Amino acid sequence: MSVFMDLNLVYSPDSSRLQRLVETAAHLGYSTVAINYVYEPTAKKKQDIPAPKPIKDLIPELPIVQGRSRPIRVLNRLTVMMSDSSHFRATAAEYRGFDLLAVQPTTEKLFHAACMICDVDIICISVTEKLPFFFKRAPVNGATERGVVFEVSYAAALRDSTRRRYTIANSTALMESCRGRNVILSSAAETPLELRGPYDITNLGVLFGLSDGDSKDAVSSSCRSVVLHAETRKTASGIIYTVQHPEAPPTKTPGDTGDPPAAKRAKPGAVIDS
Amino acid sequence: MVRVKSRYLLCEINVTDRTRLLLLDDRAVAAAVRAAVARMHGDYGAALCSIRFSVKYLNAHTGIVFLRFPKRCYRLLWSALPFITCIETRGQKIPCFLNCLHVGGTIRTCQKFLIRYNTQQLHRMIPKCKNEEEKQEIQKAILNCTLTRGNKVAFEDELESEKDDDDDEEEEEEEEEEEEEEGE
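First to last, the sequence lines map onto chains G and U. Quick note on this note's numbering: the first sequence kicks off at 1 and runs consecutively. Quick note on this note's numbering: the second sequence kicks off at 1001 and runs consecutively.
Hints were generated in silico from the structure; no laboratory data involved. Computed from a predicted structure; not experimentally measured. Please note that the accuracy of each hint is not assured.
Cross-link-like lysine-lysine pairs, in silico, DSS-like; alpha carbons within 30 Å at most [said to hold, decoys possible]: (1) G/K216 <-> G/K136; (2) U/K1140 <-> U/K1130; (3) U/K1071 <-> U/K1056; (4) G/K109 <-> G/K130; (5) U/K1112 <-> U/K1135; (6) U/K1071 <-> U/K1112; (7) G/K216 <-> G/K130; (8) U/K1130 <-> G/K56; (9) G/K136 <-> G/K234; (10) U/K1128 <-> U/K1112; (11) U/K1135 <-> G/K56; (12) G/K216 <-> U/K1056; (13) U/K1056 <-> U/K1140; (14) U/K1071 <-> U/K1005; (15) U/K1056 <-> U/K1093; (16) U/K1140 <-> G/K216; (17) U/K1128 <-> G/K53; (18) U/K1128 <-> U/K1140; (19) U/K1128 <-> G/K56; (20) G/K216 <-> U/K1112; (21) G/K109 <-> G/K234; (22) U/K1112 <-> U/K1056; (23) G/K216 <-> U/K1130; (24) G/K53 <-> G/K234.
Computed, partial: chain G to chain U, Cβ under 7 Å [what the hints assert, rightly or not]: (25) I59; (26) L62; (27) D200; (28) V206.
For glycine and all other residues, C-beta sits at the position ideal for the given N, C-alpha and C.
Input sequences plus hints: build the corresponding full structure.
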């Protein structure tokens, strides 16, 4: 049983709009969504990397997912628009606050670097302009092996005809080189009306050059593997991780607590036996 | 006897302002679908869409709509549905989107699914109730959500669905819908 995910909801400072977006996503049956913060470094002036807001502040009460009984899961995601190799700093402390990390390379060289070297989860494919470079097999295969996925977002295609053409053209070009594997489809929706249901997206994948099975994976299992990949990025192969404790724990001697430790407690069963 | 095969898409029309749903009629929905198909797939799509496409049922209260497509090309026509951004009716544009809930081979399977889906919606409504009366009313409505009322045999004869066999459903849906309106 696969669950549907939409890993790109555009962040807006207007929290009521964001809340409506998440509610609509839950109504459509997405069990995980990611709020996307876009960071576009420019050469002229220095910008700060946006800091993720805690989910609790943004959405006080998480809506229940359609057809399930548990609330929707909301992640944070950062997308770095990469137009120069210095824009992505692998060790930046700011990146650690985000659950998912994505880059959108604009030149072939950067695309190669993003696929082979950069420690990211998602590589966004530009859908609003004609593709400035070809997708070569070597970097695409490298990315597939590392578990990095390519993202095609469909909200731009809904807006007007030219962008729709670019979206379809760029995504079919991508599918030719990656053969449908490691692709996710996401919305990049700014308003609730730009979201679409998961089954519609599965069928939409056919237009984007995906096969039936691959397009289903593109909204479900590939997304799940990205989320897991993101967890391993933060930790040592997903096994160990370190957190800084906010303050030293209050020192307590064992005698303070009323209950003795579990090992020393008399077993109720043993008493009855004897 | 070989039957002419179709696919029935059970779609939900999502809008921001629910009162505007009442303006919809099936002709407007059909026109919006045709326009979207023509925009996406050109003359070829428009031609396919003109054969056996029809809007079988529209519930303006919940925004549920049944679309019938020929089985051969329903995937192509379906792929145009996400590109509907608004429906024009009575000189007004209603911004909305279609969300496909179920694809069925007969209208009866869609109906079964719809009743289950509406029951689910009622269940989702219970935590939002403000007082005890509303809650009880919804619970009563949930118990009323059954398909068979002695007309099961009649239904199975009508699987061909060339006729308008939605009357029975409508009654049932209507009942549920009233409850839903109150719940909100």
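Right, here's what the structure says about each hint:
1. With a C-alpha separation of about 25 Å, the suggested pair G/K216 and G/K136 falls inside the 30 Å cut-off, and the hint holds.
2. At roughly 16 Å between alpha-carbon atoms, U/K1140 and U/K1130 fall within 30 Å of each other, so this suggested pair holds.
3. Distance restraint check for U/K1071 and U/K1056: the Cα-Cα separation of roughly 15 Å lies within the 30 Å cut-off, and the hinted pair is therefore satisfied.
4. Under the criterion of a C-alpha separation no larger than 30 Å, the hint pairing G/K109 with G/K130 is consistent with the structure, at around 17 Å.
5. A distance of roughly 24 Å separates the Cα atoms of U/K1112 and U/K1135; the hinted pair therefore holds under the 30 Å criterion.
6. Of the pairs offered as hints, the one joining U/K1071 and U/K1112 holds, with about 20 Å between alpha carbons and a cut-off of 30 Å not exceeded.
7. A distance of roughly 26 Å separates the Cα atoms of G/K216 and G/K130; the hinted pair therefore holds under the 30 Å criterion.
8. As the CA atoms of U/K1130 and G/K56 are separated by approximately 24 Å, the hinted pair is consistent with the 30 Å bound.
9. A C-alpha spacing of about 29 Å is found between G/K136 and G/K234, which places the hinted pair at or below 30 Å, so the restraint holds.
10. Proximity of U/K1128 to U/K1112 is assessed by CA-CA distance (about 26 Å); at most 30 Å being required, the pair is judged to hold.
11. Proximity of U/K1135 to G/K56 is assessed by CA-CA distance (about 29 Å); at most 30 Å being required, the pair is judged to hold.
12. Our distance criterion of 30 Å between C-alpha atoms is met by G/K216 and U/K1056, whose separation comes to about 28 Å.
13. Restraint check: the Cα-Cα separation between U/K1056 and U/K1140 comes to about 29 Å, which is no more than 30 Å; the hinted pair holds.
14. Of the supplied pair hints, the one linking U/K1071 and U/K1005 holds, its CA atoms being roughly 6 Å apart against a limit of 30 Å.
15. Restraint check for U/K1056 and U/K1093: the C-alpha separation of about 22 Å stays at or below 30 Å, so the hint holds.
16. Note on U/K1140 and G/K216: the hinted pairing is violated, with a Cα-Cα distance of about 38 Å set against a maximum of 30 Å.
17. This hinted pair checks out: U/K1128 and G/K53 have alpha carbons roughly 27 Å apart, not beyond 30 Å.
18. Of the supplied pair hints, the one linking U/K1128 and U/K1140 holds, its CA atoms being roughly 16 Å apart against a limit of 30 Å.
19. Proposed proximity of U/K1128 and G/K56 is supported: the alpha carbons are some 20 Å apart, at most 30 Å.
20. In summary, the hint linking G/K216 to U/K1112 is supported, as the alpha carbons are separated by about 25 Å, within the 30 Å threshold.
21. A threshold of 30 Å between alpha carbons decides the hint, and for G/K109 with G/K234 the separation of about 26 Å falls inside it, so the pair holds.
22. With a C-alpha separation of about 15 Å, the suggested pair U/K1112 and U/K1056 falls inside the 30 Å cut-off, and the hint holds.
23. Distance restraint check for G/K216 and U/K1130: the Cα-Cα separation of roughly 39 Å exceeds the 30 Å cut-off, and the hinted pair is therefore not satisfied.
24. Restraint check: the Cα-Cα separation between G/K53 and G/K234 comes to about 19 Å, which is no more than 30 Å; the hinted pair holds.
25. Because the beta carbon of G/I59 sits about 16 Å from the nearest beta carbon in chain U, more than 7 Å, this interface hint is broken.
26. At about 13 Å, the closest approach between the beta carbon of G/L62 and any beta carbon in chain U exceeds 7 Å, and the interface hint on this residue is violated.
27. A hinted interface residue such as G/D200 counts as satisfied when its beta carbon comes closer than 7 Å to some beta carbon of chain U; here the least separation is about 5 Å, so the hint holds.
28. Because the smallest distance between the Cβ of G/V206 and any Cβ of chain U comes to about 6 Å, under 7 Å, the interface hint for this residue holds.
Hints 16, 23, 25 and 26, counting from the list given before, are not met by this structure.
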